[in-house]
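Residue numbers (UniProt numbering), protein chains in the order written: chain A, 1 to 218; chain B, 1 to 311.
Keep in mind the hints are simulated off the structure, nothing from the lab.
Using N, Cα and C, we set each Cβ at its ideal position, and we do this for glycine too.
Hints are supplied without guarantee of correctness; some may be wrong.
[To be verified] Calculated Cβ distances over 10 Å to all of chain B for the following chain A residues:
no.: 1; residue: 83
no.: 2; residue: 111
no.: 3; residue: 148
no.: 4; residue: 161
[As the list claims (entries may be wrong)] Think about it this way: if two alpha-carbon atoms lie no more than 25 Å apart in a straight line, the pair counts; the simulated DSS-like pairs of lysine-lysine are:
no.: 5; chain 1: B; residue 1: 276; chain 2: A; residue 2: 130
no.: 6; chain 1: B; residue 1: 308; chain 2: B; residue 2: 162
no.: 7; chain 1: B; residue 1: 308; chain 2: A; residue 2: 128
no.: 8; chain 1: A; residue 1: 185; chain 2: B; residue 2: 83
no.: 9; chain 1: B; residue 1: 276; chain 2: A; residue 2: 128
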Amino acid sequence: MAADGGGVDLGGRRSSRPAFRWRSGVRAGIHVLCLIPLAVLMAAGIAGDLGANPIEAVIRSLGDWALRLLVVALAVTPARRLTGWAGLASYRRMIGLWAFAYAALHFAAYVVLDQFFDWAAIGREIVKHKFITAGMLAFALLLPLAATSTSAMIRRLGGRRWQRLHRLVYVAGPLAAIHYIWMVKADALQPMVYFVLILGLLCYRGVVKSRAGGWMRK
Amino acid sequence: MLIRHAPDIRSSDITPRPVYLSRRQWMIGLGAFALASSAGGAGRAAPSPFGKIAKSAYTLDEKTTSREDATHYNNFYEYGLNKEDPARNAPGLLKPRPWTVSVEGECAKPGVVDLDDFIRTAALEERIYRLRCVEAWSMVIPWVGVPLGTALQRFEPTSKAKYVAFQTLNDPKQMPTESSGFRWPYREGLRMDEAMNPLAFLAVGLYGDVLPAQNGAPIRLVVPWKYGFKSIKSIVAIRFVEQQPTTLWNSFAPEEYGFYANVNPNVDHPRWSQDKERRIGEFLRRPTLMFNGYGEQVAGLYAGMDLKRYY
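Based on the sequences and whatever the hints tell you, model everything.
Okay, here's the thing in structure tokens:
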């Protein structure tokens, strides 16, 4: 996982020592919280508690958590605007990276557990079946975001270019939810909830942006 | 265990070619992603509640799915959309006794008969069949029951009986179906010659025991060459009809679930592939067999038909 520095509040400085300590405490707390679903899943796997189709259970759970954390990451900026708590922004990147981590594990579980490196079959699925296509595309779009998540990369790209690149999440987020909607047989309620949440959070930014006349104004 | 073979099924035809690794072995390799290993096979310590069950020629030399898995991983949407829901919800709600089956339509002797009477036409037998779900997973299940054809013949279907329509119980108190947009009750259908094929089976039990609620108690269809959703559960009505009957999944999404729904590795579901399947309890997917491996018995039913069109 990439090192997370000061979040994307690029102008922000490390504040006084007690506040800094408080922030690292919150950081550690977020890391622990984000690890819990994976730990629970692993424990269930070891205990043999994943039901008759453990591979499906693993893949579904990892995908669910990728979507949930994506929603949380996308909710940070609106929450910051609504509450006026500027410090929230510094946690956004790490939550986004955790969303990516679950997406990557979801992808890895599909390749290893579900298809067992049958690249030909995976290729056919990507071409023929739109829910796989959407999922792969969403994951592919997240890759450059994860790769440029270090503070060094932000400095190298420059804040504006970095932010422009990271708007790929506007495509990846809805695609990830569509991937879920297209997968289910009949129970589309839960995936629709994710889709509406993600779209709603992205639209909120659009509204704020047009009102403010610029993107992410301080 | 002594393995018997149906005279027209050779084990070489049905034994899958690829070598697969057992789940247990993979537990070691996968470490944290270790998968549950459940006690395999059917425990037969307790005497059967059915008394004597006739030995059947319909068997497989494939490992049967663990009873725990077969009774806790079910699609029975009347009891919820998750696989674990039916085992949780059905036993407390469904009252499998007393139970009657109404046989109607194009037949000389229609009637409403008690379940025990309905299945009395033949000796109960055990058949070990593959079950292939349209969702690309599969099981091997030892069913107890009677051939469908034998059970139907006593009602003397007429020459107008071209199809057989089946209907599941329609009682909101016993089946809380309000949770989804389906047109309940569950309905299924077979062409008359399919229904009369010796493979078509009515199950009242599995693993030597009475059929659990979540598996479709007290009586369900088992047509092993078709995707699992054709094998309708908790049947209350059977109707001989002249026209192809409306079926639940077909009316819900006709482009995804055909009336025939024969297991066919060459015709994909629009949203996923059907050429491979995950056998519950195994790690590697195995190739799906044409007609689920029952081609010798049923391929003739579809001679000359375009199975890509009539999926």
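For each hint, the structure was consulted:
Its beta-carbon lying about 36 Å from the closest one in chain B, residue 83 of chain A satisfies the requirement of being farther than 10 Å from that chain. The non-interface label for residue 111 of chain A is consistent with chain B: the shortest C-beta to C-beta separation is roughly 13 Å, beyond 10 Å. Residue placement check: residue 148 of chain A keeps its beta carbon more than 10 Å from all beta carbons of chain B (closest about 29 Å). With a least CB separation of 38 Å from chain B, residue 161 of chain A remains clear of the 10 Å interface cut-off, as annotated.
About 18 Å separates the Cα atoms of residue 276 of chain B and residue 130 of chain A, which keeps this hinted pair within 25 Å; it holds. For the suggested pair residue 308 of chain B and residue 162 of chain B, the alpha carbons sit about 22 Å apart, so the restraint of at most 25 Å is met. Between residue 308 of chain B and residue 128 of chain A the CA atoms are separated by roughly 16 Å; this keeps the pair inside 25 Å, and the hint holds. Only pairs whose Cα atoms come within 25 Å are accepted, and residue 185 of chain A paired with residue 83 of chain B is accepted, the gap being roughly 13 Å.
For the hint linking residue 276 of chain B to residue 128 of chain A, the alpha-carbon distance of about 15 Å falls within 25 Å, and the restraint holds.
The earlier numbered hints are all upheld by this structure, with none contradicted.
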